[in-house]
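Asker: The primary structure of each chain is shown beneath.
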Amino acid sequence: DQQVKQNSPSLSVQEGRISILNCDYTNSMFDYFLWYKKYPAEGPTFLISISSIKDKNEDGRFTVFLNKSAKHLSLHIVPSQPGDSAVYFCAASVNYKLSFGAGTTVTVRA
Amino acid sequence: KAGVTQTPRYLIKTRGQQVTLSCSPISGHRSVSWYQQTPGQGLQFLFEYFSETQRNKGNFPGRFSGRQFSNSRSEMNVSTLELGDSALYLCASSLDPGGSYEQYFGPGTRLTVT
Numbered sequence: 003d004q005q006v007k008q009n010s011p012s013l014s015v016q017e018g019r020i021s022i023l024n025c026d027y028t029n030s031m032f033d034y035f036l037w038y039k040k041y042p043a044e045g046p047t048f049l050i051s052i053s054s055i056k057d058k059n060e061d062g063r064f065t066v067f068l069n070k071s072a073k074h075l076s077l078h079i080v081p082s083q084p085g086d087s088a089v090y091f092c093a094a095s096v097n098y099k100l101s102f103g104a105g106t107t108v109t110v111r112a
Numbered sequence: 839k840a841g842v843t844q845t846p847r848y849l850i851k852t853r854g855q856q857v858t859l860s861c862s863p864i865s866g867h868r869s870v871s872w873y874q875q876t877p878g879q880g881l882q883f884l885f886e887y888f889s890e891t892q893r894n895k896g897n898f899p900g901r902f903s904g905r906q907f908s909n910s911r912s913e914m915n916v917s918t919l920e921l922g923d924s925a926l927y928l929c930a931s932s933l934d935p936g937g938s939y940e941q942y943f944g945p946g947t948r949l950t951v952t
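Sequence order for the protein chains is R and Y.
The first sequence begins at 3 in our numbering and counts up one residue at a time.
The second sequence begins at 839 in our numbering and counts up one residue at a time.
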């Protein structure tokens, strides 16, 4: 049962523009949400997180938005840079357990 | 501070064999989690250990097992390997999920079952 879903397997964006990645979840008990970035042959690296009691968290070029009523979160990257090309995973946590989405491959075009 | 290390990085085994993977967490981290990544499936949670105790378990068959040592190092074992066990196995550590949900991942062990 996939509790965290990333419905867009890929995203292509022009350098300098905004990248918007979306994630939906079904378990209302999730209390923490995270985004990870993964390059080939490396483990995922933590990007940004948000507690369920907040609706927005910002860190430099990265902003995560949480809409609890819609069970939806999104990651905004602005401006997008070539080094942002990677696979992005959305994750949600409850009781020490992280559930991950299937990932979205982002390609930033020059 | 050194990151999470996993050994070996690559492994080829035959169906029916068993395999043991090792993970050394970041110094001071007491929680270790294991994940399986296969194409199109994202990361599937296997189990999480904290202070040598399995605190949480995913939906995997009993052929998948693990343990954690007093120095927080962890091992994962898969017995009676099947072709479908071919995957990237990732280990992640954190200080304590109760305080921080940020997990730090190792590079993974690529297991191929033939």
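Just so you know, the hints here were simulated from the structure itself, not pulled from any lab data.
Among the hints, a few may not be true.
Taking lysine-lysine pairs in the BS3-like style, the calculated list, with each CA pair at most 27 Å apart, reads [to be verified]:
(1) Y:Lys851 to R:Lys7
(2) R:Lys40 to R:Lys73
(3) R:Lys40 to Y:Lys851
Asker: Against this structure, judge whether each hint is valid.
Answerer: Hint check results:
1. Distance restraint check for Lys851 (chain Y) and Lys7 (chain R): the Cα-Cα separation of roughly 32 Å exceeds the 27 Å cut-off, and the hinted pair is therefore not satisfied.
2. For the hint pairing Lys40 (chain R) with Lys73 (chain R), the CA-to-CA distance comes to about 24 Å; that is within 27 Å, so the pair holds.
3. Simply put, Lys40 (chain R) and Lys851 (chain Y) have alpha-carbon atoms about 26 Å apart, close enough for the 27 Å limit, and the pair holds.
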